[in-house]
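Participant: At position 155 of the sequence shown (counting the first as 1) the number is 148 in my numbering, and the numbers step up by one without a gap.
No wet-lab data here; the hints were simulated from the structure.
From a predicted model like this one, the values you see are computed outputs, not experimental measurements.
Some hints here could point you the wrong way.
Said to hold, decoys possible - Taking lysine-lysine pairs in the DSSO-like style, the calculated list, with each CA pair at most 27 Å apart, reads:
| no. | residue 1 | residue 2 |
| --- | --- | --- |
| 1 | K378 | K326 |
| 2 | K305 | K333 |
| 3 | K88 | K109 |
Claimed, not checked - Across the chosen pairs, the derived CB separations fall in these ranges:
| no. | residue 1 | residue 2 | range |
| --- | --- | --- | --- |
| 4 | G239 | G77 | 55 to 63 Å |
| 5 | S112 | N208 | 48 to 56 Å |
| 6 | G66 | D34 | 31 to 39 Å |
| 7 | E145 | Q69 | 51 to 59 Å |
| 8 | G66 | S136 | 32 to 40 Å |
| 9 | K128 | T285 | 35 to 43 Å |
| 10 | D178 | Y270 | 40 to 48 Å |
| 11 | S356 | I24 | 24 to 32 Å |
| 12 | D290 | S119 | 50 to 58 Å |
| 13 | D178 | A42 | 29 to 37 Å |
| 14 | E145 | Y270 | 47 to 55 Å |
| 15 | D134 | I24 | 19 to 27 Å |
| 16 | G239 | K142 | 50 to 58 Å |
Glycine residues also receive a C-beta, built at the ideal position from the N, C-alpha and C atoms.
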Amino acid sequence: MLRGVIFMGTIPKNVLREIIKENDFKNPGEIYAYLKDAFKDLLQEMLEAEMDVYLGYDKNDVKNKQTDNYRNGHSQKTVKSQYGEVDLSIPRDRKGEFEPKIVPKYKRDISEIEEKIISLYARGMSTRDIHDQIKDLYGIDVSAEMVSKITERIVPEIREWQNRPLNAIYPFVFMDAIHYKIREDGHILNRAAYVVIGVGIDGIKDILGIWIGENESSKFWLGVLNELKNRGVEDVLMFCVDGLTGLKEAIETAFPKSEVQRCIIHQLRNSFKYVSYKDLKIFSKDFKQVYTAASEDIAMEKFYEIKEKWGKQYPFAIRSWENNWDVISPFFKFPDEVRKIIYTTNIIEGLHRQFRKVTKSKSMFPSDQSLEKMLYLASLNVMKKWTQRYKNWDRVLSQLLIMFEGRLEQ
């Protein structure tokens, strides 16, 4: 009956109606109180049953006793559960060797409340909001300090994840940073979360790591790249990046055989900022002829036509394409299936949008570690959805095998 009370879906309707009739429930609160008492009774009975099994005889069946050990009263224990705090009487044996499984010896929280707190924290809830929600649901007070201590338990997990071995080869790697503010010793500091996403030979995306550092710099990125090598990455066919000065040189230092492709969208945005709003639509339409060109020669031809048309009016916009042509041009050697992957760093910007969603309630973080914890938990939620490989990946891989001969077979 008790099991039926706790798991309503497992008992007949006539029994449920009898329970309702006997207890004359007036509101959901009375039902909750009844379930709490039933839950306590169920736990208590399970503890007694565990002792019966451990000693080898039932409490009232002493004639079948075949051990010199015996029951020795109970000790009181209060545990936290989904029904709030529950007082239990833990059976004891004379030898002090009995260790219950349903309520482990030193465990005082059987509600999996820690997992719930971490889940709420991963969704960007403040410690105050977490306190209020746990209090409302379970009647348990969880202070900001307790939330912090509970989430600190995932730090070793983060370290293990951040240092895990990686694949030897990645066809594509995307790199970008997202910026936050940290309060340290009374000062507000700018921090960059350096994020690296890799696409494996199987076409599946993976977050290779998140590093918290000072404002984005090519020097820090070089350290990240060297760390990837130390974790087993031997070759990357193509890095897709934004326009940070010095990033290309950092990549060439760590992975000299890799192609570096600047995000076309970033390049367009960078040039558009020099163009008057009234000309932006036409200017954008003209440049579409460049980045959709069938080959680099045609792209260059279209570019010079645009330069002739707009060069005097918007010299800085044109110059930004000239200065970055070496990291724009790799794009033109690939077919559409590959271009769709490297055309933009939207994959990493999409991840950043998820980060912003869970961090929007925080204008700043109390430490680098608190930022790292939230981004890591958000990353886990995102990666759960990354189960499908890129569309037409078989054709993409076939192209890469030809264009990067000998490198994917290592």
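Participant: Now tell me, hint by hint, if it's right for this structure.
Facilitator: Do the hints match the structure? See the list:
1. At most 27 Å may separate the alpha-carbon atoms for a hinted pair to count; K378 and K326 exceed this at roughly 31 Å.
2. Only pairs whose Cα atoms come within 27 Å are accepted, and K305 paired with K333 is rejected, the gap being roughly 32 Å.
3. Using a Cα cut-off of 27 Å, the hinted pair K88 and K109 is violated, with the two alpha carbons roughly 37 Å apart.
4. At about 57 Å, the CB distance of G239 to G77 agrees with the hint of 55 to 63 Å.
5. Between S112 and N208 the CB atoms are about 32 Å apart, so this pair departs from the stated range of 48 to 56 Å.
6. Between G66 and D34 the CB atoms are about 19 Å apart, so this pair departs from the stated range of 31 to 39 Å.
7. Between E145 and Q69 the beta carbon distance is about 30 Å. The supplied range of 51 to 59 Å is therefore violated.
8. In this structure the hint that G66 and S136 lie 32 to 40 Å apart at CB holds, the actual value being about 35 Å.
9. Under the hint 35 to 43 Å, the C-beta atoms of K128 and T285, about 57 Å apart, miss the expected range.
10. Look at D178 against Y270: about 44 Å separates their beta carbons, and that is inside 40 to 48 Å.
11. With their beta carbons about 42 Å apart, S356 and I24 fall outside the hinted range of 24 to 32 Å.
12. For the pair D290 and S119, the beta carbons lie near 56 Å from each other, so the given range of 50 to 58 Å is met.
13. The supplied range of 29 to 37 Å is broken by D178 and A42, whose beta-carbon atoms lie about 56 Å from each other.
14. Between E145 and Y270 the beta carbons are some 49 Å apart, a value that agrees with the proposed interval 47 to 55 Å.
15. A hinted range of 19 to 27 Å holds for the C-beta pair D134 and I24, which are about 24 Å apart.
16. At about 40 Å, the CB distance of G239 to K142 disagrees with the hint of 50 to 58 Å.
Comparing the model with each earlier hint shows violations of hints 1, 2, 3, 5, 6, 7, 9, 11, 13, 16; every other hint is respected.
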